[in-house]
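Trainee: Those sequence lines, one after another, are chains F and D.
-4 is the number of the first residue of the first sequence in my numbering; add one for each residue after it.
9 is the number of the first residue of the second sequence in my numbering; add one for each residue after it.
Hints are supplied without guarantee of correctness; some may be wrong.
Claimed, not checked - Coverage of chain F stretches by chain D, computed from C-beta distances (three or more under 8 Å per stretch; other residues unrestricted): (1) 21 to 28; (2) 31 to 44; (3) 84 to 94; (4) 97 to 103.
Note that these hints are calculated values from the structure, not bench results.
By construction, the Cβ of each residue, glycine as well, lies at the ideal position given by its N, Cα and C atoms.
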Amino acid sequence: SQQGEEDPQALSIQEGENATMNCSYKTSINNLQWYRQNSGRGLVHLILIRSNEREKHSGRLRVTLDTSKKSSSLLITASRAADTASYFCAYMTTDSWGKLQFGAGTQVVVTP
Amino acid sequence: SQTIHQWPATLVQPVGSPLSLECTVEGTSNPNLYWYRQAAGRGLQLLFYSVGIGQISSEVPQNLSASRPQDRQFILSSKKLLLSDSGFYLCAWSGGRGNQPQHFGDGTRLSIL
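Sequences are here, hints too, so could you generate the full structure?
Mentor: Here it is in C-alpha cells:
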C-alpha cells in the first residue's frame, strides 16, 4: 500500500517551543488529514486540508499543503506538556474513495 | 453528538481460539465503518471498510473477517487466531460523503499467547 512518510520519527522539545513535522506522499490526493494519538488510545482528528487549499489553522495548529512537492507540514506553536503524543498524517487518494493511507507517525515529547 | 464504542479494551487469547471484537456507533446513521490494525510504534493498516449493512471490503488477505449486521454495528472476527494477529485494533467511522474525517474508538489491545 502507498503509505505516507513522516519526519522526524521523534521530536523532543521544551514547553513554549514550536514543533514542526512533515509528511510526504507519492500520488494525487483528494485531501490530507492530521491526527493525534495519545499512548494506548484511539486517534483524534485535528485538521483536514483539501487538495485545493494551501494552509489551514486551528488554534495553535497550522497545516500547509504543497501538492507540487507532494508534502504537508504540521506546526504546533507554543507547545505544552499536554501536546505530548504521536501525530499522524493520512491522505485520501483520488482513486480510493473514503479510504485513508496513514504515515508511520511522529512521536512528540514536550517537557515542562 | 456522535460516539463510538469499542470493546473489550484488552484481550488475551490463546493461539487457535476464535475472536469477536465489536464496534458500535451512536448519533449518526449510515456511517462508513472501518477496522484498522496498528503494530507497535507504527501507523495504521486498513483491514476492512463498509459503506452499508452487509457491504464489506477487505483490504488485505488475512486470517480475519468482518461483518456489519446492523447499520451502526461492525464486528471483527476470526475462527482461529494466529500469533501474528496480535496488535492494537481500532474501529472508526466517517460521514456518508467520503471526503470526511474519521472518528476513532479507543481500540482493543489483543495479545495472542
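Trainee: Decide, hint by hint, whether the structure agrees.
Mentor: Hint-by-hint comparison with the structure:
Given as covered by chain D, the segment 21 to 28 of chain F passes the check, having 3 residues with a CB less than 8 Å from a CB of that chain where 3 are the minimum. Counting residues of the segment 31 to 44 of chain F whose beta-carbon sits less than 8 Å from any beta-carbon of chain D gives 7, enough to reach three: the coverage restraint holds. With a cut-off of 8 Å between beta carbons, the segment 84 to 94 of chain F has 5 residues touching chain D; three or more are needed, and the interface restraint holds. A count of 5 residues in the segment 97 to 103 of chain F with a Cβ less than 8 Å from any Cβ of chain D is obtained; the coverage claim is therefore met, three being the minimum.
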